[in-house]
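Colleague: Residue numbers (the working numbering), protein chains in the order written: chain V, 1 to 476; chain B, 477 to 974; chain A, 975 to 1064.
Everything labelled a hint here was simulated from the structure, so no lab data went into it.
A hint or two may mislead.
Okay, the calculated bits of chain V under chain B, using three or more residues with CB under 8 Å as the criterion [as the list claims (entries may be wrong)]:
{"no.": "1", "segment": "85 to 97"}
{"no.": "2", "segment": "138 to 144"}
{"no.": "3", "segment": "200 to 207"}
Each residue gets a CB set at the ideal place from its N, CA and C atoms; glycine is no exception.
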Amino acid sequence: MVEVKIGLEIHCQLTGLQSKLFCSCQCDYRGEEPNTNICPICLGLPGTLPLLNQKAVEFASMISLALGCRIPDKVMFYRKNYFYLDLPKNFQITQYNAYGITSMGVEGKVDYGVKSTKIRRLQLEEDPGRLIYENTSFYTLIDYNRAGVTLVEIVTEPDFTEPKDVRRFLNKIISILEHLGVCETSLDGSVRCDANVSLEGGKKVEIKNVGSFGDVEKALSYEITRQKTMSVRDIEIRSETRHWDDARKITKQSRVKEEEEDYRYFPEPDIPTVVLGKEFLSSLKGRMPELPDERKIRFLREYKLSDHVSQVLIDNKELADFFESTVKIYPSSPNEIANWIVSDLLGFIDDSKKEGGSLFSGLKIEAKHMAELVGMIDQNIINRNIAKMILSQITKTGEMPSYVLDKMNTSIIDSKAIISEAIESIFKSEKSAVRDAKQNPNAANFLLGKVMQLTRGRADPKIALNLIKTKLAIME
Amino acid sequence: MPNHLYRLTADEVASGIKNGDFSAQEYISQILERIEKIDVKIKAFIAVDKQGAVEKARSIDKRIRDGDRTGRLSGVAVGIKDNICTKDLKTTCASKMLEGYIPPYDATVIKKLKESDAIIVGKLNLDEFAMGSTTEFSNYGPTRNPWNINYVAGGSSGGSAASVAALECAISLGSDTGGSVRCPASFCSVVGLKPTYGCVSRSGLISYSNSLEQIGSIGKTVCDVEMIMNTIAGTDENDSTTKATRPITTATTPNTVSLDRIPKYSRHQKKRNIRVGLVKELIEGAEPAVSKCIYSAVDLFEGSDCKCEDTSMQSIQYALAAYYTIAMAEASSNLARYDNIRYGFDFSPEGYEWNTYFAKVRNNFGEEVKRRIIIGSYVLSAGYYGKYYLKAQKAREMIKQEITSLFEMYDVLIAPTMPILPFKFGEKIKDPLTMYQIDIDTVVANLAGVPAISIPVGFSDCLPVGMQIMANEMEEQTLFDVASTFERILDIRKSPEI
Amino acid sequence: MISKDEIRHLGWLSRLELTESELDRYAAQIDEIVTYFDKLDTISLNGSEPARSIKKVSELRNDKIHMFEGNPLKFSKNRKDGFVKGPRIV
C-alpha cells in the first residue's frame, strides 16, 4: 500500500461580522455592483491605515478554542509582500509564526467520526479582491468589493490518508463554523479549501481552485491516481501547484508560473500587538455557543436518539435546529420527530441544496407543521402512509397537517403531490402487481384501486391513473 | 491697510484678524502675491490653491462680520508638504508615480487645520516620497535655500521650511522620518518640531516608514509651532499607533487618573532648574563652525536657571545603520502599492502582461527611491532578516533604553541638528552613503520615538545653524519651555532679504 | 559582495526592471551601503523583545458598518462597467 499524505489549507470568511477586517465597509459584498463596497482603507489608497476589527479577533479566538488550539497571550499581524492584481496594496496583512507564536492559534485537534486530525495553525488575514477575465487578451477586470473581508485560515497537518476522510473532516468543520455562528457556510465562496498531496515521502503537489467541498474529494482522488500512475511508470513527480479543472474533472498544471516567491514577512507597523489575556479568553469560553460534539452528546442523552440519527442532524445545523424547535413545541416524541426529519424530510431537500444555500429554501415547512404531524401520528389519527402524503403537501403549500387532513377527508384530492405519495406507497407494497403490469394491462387498474383504498376514495381517479401509467412507463 | 502682513507670525495673524486689525482676505491676498513674486526663485511650492485660499478667507471674514466664532488659527496661511493628503487637491509626493493623484479624503491633521480655520495655501515640495535630505530628489526640481539660492534648503521637507523662511506662509506642516522636518528647519533658520511618535495622527500621511515617521510643524517662532501642535496633536481613531499623553491628575479629582487625549500646550508654563545634557558624540562629530554656535548658545543659556553637563550615548554608533535598515525595509513594502492601476499617471494597462506593466510603470520612480526599495527588499529577504532587520530593531531598543535612562538625569538633551552647514547643490548627491551620514544627529529621536525640536542658533558665513533639543516621550511642553527660553536669549529672528 | 544578479532579482521581487547601466551604478552603491549596515553585527539577538505598542482587545475598533461617503475611485481613469481595468494576466 502506497502511503498517501494529504494536508489542507482552509480559508473561511467570517460572514458573521458586520464590517471588514481593517475598515468599516460592509462585510457582505455579494450582489453589490462592482467597486461600490470600498473605502480608502480597503482600496489601499496612499496614506490610509488599517483599523483592526474587535469582533474578528473574538470570532477567530472562538474558532481557535473550538478546534482545540493553544492561543497565545499576544497576537501580531505581519505583511506578506507579493504583487498581484487583486491585492490593492501589493501586500497582504496576515499572521505569521516564524518568530514566536503570534497567530490566533496553534497545535489544535479535530475529531471527525473515529479519526482525528491535528491543526497546525489558525490565523486571521484579509481577502483580496476579485478578478474577472473578460477579454483576456487585452485586460483584466478588477472588483475590490471583497478586498479586506475577514478570512480565517486553518492549516492542518498532513494527517489525511484518504479523500473520504477529508470529506468527513470538512463536514465537521462546516458544522463547527455554523454552530459558532461565525460563518454562513452556504454562501458562495465563503469557505474555500486548498490541499496538498504527496506519496510516500515524495514531493508535495498543491491543488488550488477547488470550487466546492464535494469537488475536493474528487480532485484528491484524481490527483492521487495521477501521482500513483506516474510513480508506477517511474516518472518524477515535481513539486508544483496544480489547478482543479471543474469542466474536465482533472488537475492541471498552473498556467501562471508561480515563481518561488520570497514574501519578506515583517511585523505590520500600523497595527499594535494585541493582548488577549486570561480574562478575555475565560470570558470567551463562558460565552461559547454549543459545539457540535457537545450537542450530539446532549441529543443522545436528552432525547435518547440513536448515534446515526444524531450525527445526521448535527452534520447540518439547520436540521438540528429544526429538530429542537419541533421538540420544543411537541416534546413527547423526540425519536419519532428525528426519524421523520432524517428519513422523510431529507428526501424532499434538493440534492443541489445540500451543497449550498439553505436546506429549507423552497420548502414551506416549519417546526409547527412537524410538531402537529407527529402529534397526529401519536394519537393514531393518521397512519404513516397518510402522514407521508400530508408531509409532501405541507412542504409545497405550508398548510397545517390538520387542515390538509381535513381537505383529504372531505374533498377530492387532486394534489399530484399527495397522490404521487400514495402511489409511491402502493408501488412499494404491491411489488408483484407492479411486475405484472408489463404483461397484464389490468395491473394499472388494480393499482389504481389500491390507491383509492389508501386515500379512502378521495383521490381523483383520472389524475391517479395517469400518474400510475407514467410511473409504469418509466420503470420499463 | 498694513503692509507686509506676510511678515506676521501665526499668532499675530490670528489675533489680528480676530481683533479686526485686518481682514483674512487682505492678509491672504498679500500672501498669494508674495508667493507669486518670489517662489520662482525658491520653488518651495508644487501647487498653489489660490481659489481655495481666497474662498476660505472670504468665509472667515463673513463669519467674523456676522459675529460668529472662528477657530484658533483663523486666517493663518499654512503650507502642506505634498505627502499629506488634501481632499480634492492634487497630492503627488513629488513623484511621477502620483502625478495625477487627487485624494478623496483629508488627512486627519488637515481636517483639524480646516476646523480651526487655517487657510491652506498650497502643497510644498519635498524629496520624492520623503526620501532624502536636500529636496534634490523631487520630480519637480529642487527647492532653494532662501538665505542663499545656490545652497540646498535641506530635506525632505525642503519646501515646508523654505516657504516659512521666505515668508510665503506663516506656518507649514512637514513629515519627519529621520530628520526631514528638523534638517530643513535648521538649514533655513526656522523652528521645526518632530513630535513624540504617536502624538500626531498619521492618517493621511503617505507612508515612507510607518514606525519612524511623524507629521511635524514648522514656524518662525516656538510659539507658532506650539499653536499648530495645539491644533493637530491628539489621539485619532483612524490611527491605531496614536497614544494618549501621560496620565494627569487634576485638582478636582486627585485620586483619579485621566488620560489627556488631546494635549494642550501652554506658553505660560515655565520650568525651573532645567537639567541639560550635551550629547558628546553628536556635538564632537559636527563641523567646528556648527559646534561653535551650539556652545555659544549653551553658554548664554547657562546663566538662566539651568545646569548644563556633557553626557554620552554609547548606542549612537548603531543609529544610522539601524535607521536606514528599518526605514528602507518599510519603504520597500509601503511603495509596493504604486502600480498605476488605481491611481498614478496617464498610461493605459490595456494590452500589457501584468508583470511587464508593473515593471514599466515603476520605472518612473526616481533613482534614490529605487535604490531604497531594493535595499529594503534585500534586508527583508529570507536569510537576511535576522542579520539586518531584527538586529536593527534590537539596536533601536538599545537606543530607546539608553535615552530613557538619560532622561532620568536630564530634562533635555542638546545636540546640533545637522553636523554640517548647508551645502551647495550637487555636492553630496553622487554618493548616497555620504548623504545618509548627515542624518546622524536627527535619526536618534525617530528611533527612540521621542520629541525633538530644532531652533535657529546663529549663522556661520551667512549660513544658518540649527540646534536640536530632545525631551522624553510626550514632553513637548518641556521642549517648548526650553526652546522659547533660548529663543528669547538668542534673539536671532530675522528673515532673508528676498 | 552583492552581485548584479542579486540586485536584478531583488528588482524583480519589487517589480523594478533595471537597465544594465542602472545595475552597474547601483551594484557598487548598494554594496557600500549594505556593508555599512554590518555595524549591526555586534548586536546580540538574545534578551528582551523589541518593544511594540500594545492594545487590548477592548480597545480595538467596534464591528460596525460605516460606508465611505464619496467615491474612492473618483479620479481613476481605467474603468469599465464599474470594474477597474488592469493589464492581462497571461
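Colleague: Quick one: which hint numbers does this structure break? Sort them smallest to largest.
Modeller: Failing hint: just 3.
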